[in-house]
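Visitor: Residue numbers (the working numbering), protein chains in the order written: chain A, 9 to 234; chain B, -2 to 417.
Please note that the accuracy of each hint is not assured.
Stated by the list, open to error - For each label pair, taking beta carbons as the anchor points, the in silico distance ranges come out as:
(1) A:D70 to B:V227: 54 to 62 Å
(2) B:M384 to A:S225: 25 to 33 Å
(3) B:T356 to A:S225: 49 to 57 Å
As the list claims (entries may be wrong) - The calculated SDA-like cross-link candidates involving lysine to any residue, where the alpha carbons are at most 25 Å apart (straight line), are:
(4) B:K166 to A:E228
(5) B:K166 to A:G16
(6) B:K166 to A:R161
(7) A:K24 to B:W109
(8) B:K322 to B:W109
(9) A:K102 to A:G50
(10) B:K180 to A:K102
(11) B:K166 to A:K208
(12) B:K166 to A:L163
(13) A:K24 to B:A381
(14) B:K166 to A:K102
(15) B:K180 to A:D151
(16) A:K168 to B:T171
(17) B:K166 to A:M230
(18) A:K186 to A:N167
(19) B:K44 to A:S175
These are computed hints drawn from the structure, not numbers from a lab.
C-beta atoms are modelled at their ideal positions from N, C-alpha and C, and glycine is treated no differently.
Residue strings, one per chain:
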Amino acid sequence: MAMNNILGLFAHSPLKPLQSHSNKVTECCSMLVEFVEATFKGDWDMAETLRAKISEAERQADLLKREIRLKLPRGLFLPIDRTDLLELVTQQDKLANLAKDIAGRMVGRQFSIPEPLQDDFMTFICRALDATVQANRVIDEMDELLETGFRGRELNFVNKMINELDSIEDDTDQMQIKLRKMLRDIEQNYNPIDVMFLYKIFEWVGVLADQAQRVGSRIELMLARS
Amino acid sequence: MEILQEYGSLLILLTALFAFFMAFGVGANDVSNAMGTSVGSGTITAKQAIAIALIFECAGAYLAGGEVTETIKSGIINPMDFVENPEVLVLGMMSALFASGSWLLIASRWGWPVSTTHSIIGAIIGFACITEGANAVRWGAITGIVGSWFITPLIAGVLAYGIFFIIQKLIFDTDRPLRNAQKFGPYFMALTVFILVIVTVAKGLKHIGLTLDTGDTVLISLTLSLMSLVISLFYFRTKKFIRKAHNSIFDGVELVFSILMLMTACAMAFAHGSNDVANAIGPLAAVVTIVESGGNITASAPIAWWILPLGALGIACGLIIMGYKVMATIGTGITDLTPSRGFAAQFATAATVVVASGTGLPISTTQTLVGAVLGIGLARGIAALNMNVIRNIIISWVVTLPAGALFAIIIYYILNLIFR
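Isolated chain A, as found in the complex (with noise of 0.2 Å):
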């Protein structure tokens, strides 16, 4: 009887799930500074704890985006496009998968940053995880942008917390230059292989910020389209 009436009109709503997903995928990210404090410090068996742990959060993540995507049928009507949300979804998720493969990575050759490196990559990863929480960010806001009717005041807040999401990114940018740089200075001293190991982590780390951004991407597109 219910669902044939008036209230069956009413499906549930997409966005606190996808902001549930965007949650337990910044909770994911943010454990990477515990680790990455835990390598510095040598303790590799606590590396590895937290390891498991942000396998776990993926994990989650995982089944979260599984739900968005199973209760977005065809036959619902959004305010925003059902394929743009969808990719956010994809998206987003890649963040989660970042973090734990990083993770995943340095505790598998156990070779931590060297002394002189340490202090720089530290400010690196953060301001990488600062792109990831400012993702977050946005994606809580989408509340008041469904209160709004995505016009306005709002969708102007919105865009330009986009905008900084975008100078993080630079930030993130010129920090890894700089990195890249200070180990050229002293890689004669190391492993050619634990050395290119350590590219690569840059590297990674580099583009967990580019993920983070191209999220504010797609959400801007999303926005954009309306």
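Model the placement of chain B on the given structure of chain A, informed by the hints.
Guide: Then chain B, alone, in the frame of chain A:
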């Protein structure tokens, strides 16, 4: 003819019983569509919904139900065609009533969405066609009525879109949403009251003996709406309200709209009563007129005084006895429907339905509400709408017209056997 003289009072009694049965059905099932959005958005509880519906459905039925009752009584078929055999008209109306009442019962048992309006009209057309032939039906009027079934959701949609847009511009898309909500909220309240009062007073009060000219009508409407304006202005400034409206920016605004939604819930109940009571008592009014005039069918005759109250009572009973259960199954889990949306949808629906009642058009409240909600969805105000439900609703309507006709024909033959 003799049947009328012999069984006159029995016929009236039976028809009154059927009408009560039908009104009971309207109260039990249909009202959940009118009050559903209010309960679903958490603005009122199921118990409060029943209380509001009780008062305002009855008020709407009694004060504003006259015009649509008139249409169902004599606007669909041409009563003059039955001058030779008035008892056919009487039995026909009885069977139409019983048929749509039973269809209502069956459909709600099985969980199909049902339109009481469609079933009674289908039933009346049904018996008219098999008795006096297709000429007895006023096809012109029918086209108008069916046309209105398509137009009213459209109008409600456009109206809802407009209101939502205005709300966005005046309140949400500003520096100080809460302030503006407190400032403009009372005007929306006054507007709702104004529309309800003006349509009721302009059209509905003839049968309780009040005739007013245009000037008086406008005056009364303006006075009542100004009163509501002032009351709500004061309420929004009280300490109690300000304390409640604190959390995030938009929570306070939504609180203002909760109050407004309470008002439009009453308006919805009123509008629904005014339009749907006729589905139950229209045929009864026809039967009573014929029997009491001894078989004389006159072109227009006033509705007997006790008929509208009977309809109102039937709705009330259905509401109290079964409505609570139906309403409770709705639940308050639909947090995605915020009061501001609910207000826009309900305002648009109530306004459209009340105006339609004023012009005597029997329309479907549910359909109009769906149109309004879609209008807001188009303005990107709702998170997700399930379009499959619309498909189901349309299918059920297409089925109801012939089903009502079929049932009516069957019951007519049965009644024929009994009384002739």
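Visitor: Taking the numbered hints from earlier one at a time, note which ones the structure violates and give those numbers from smallest to largest.
Guide: Per hint list: 5, 7, 9, 10, 11, 14, 18 and 19 violated.
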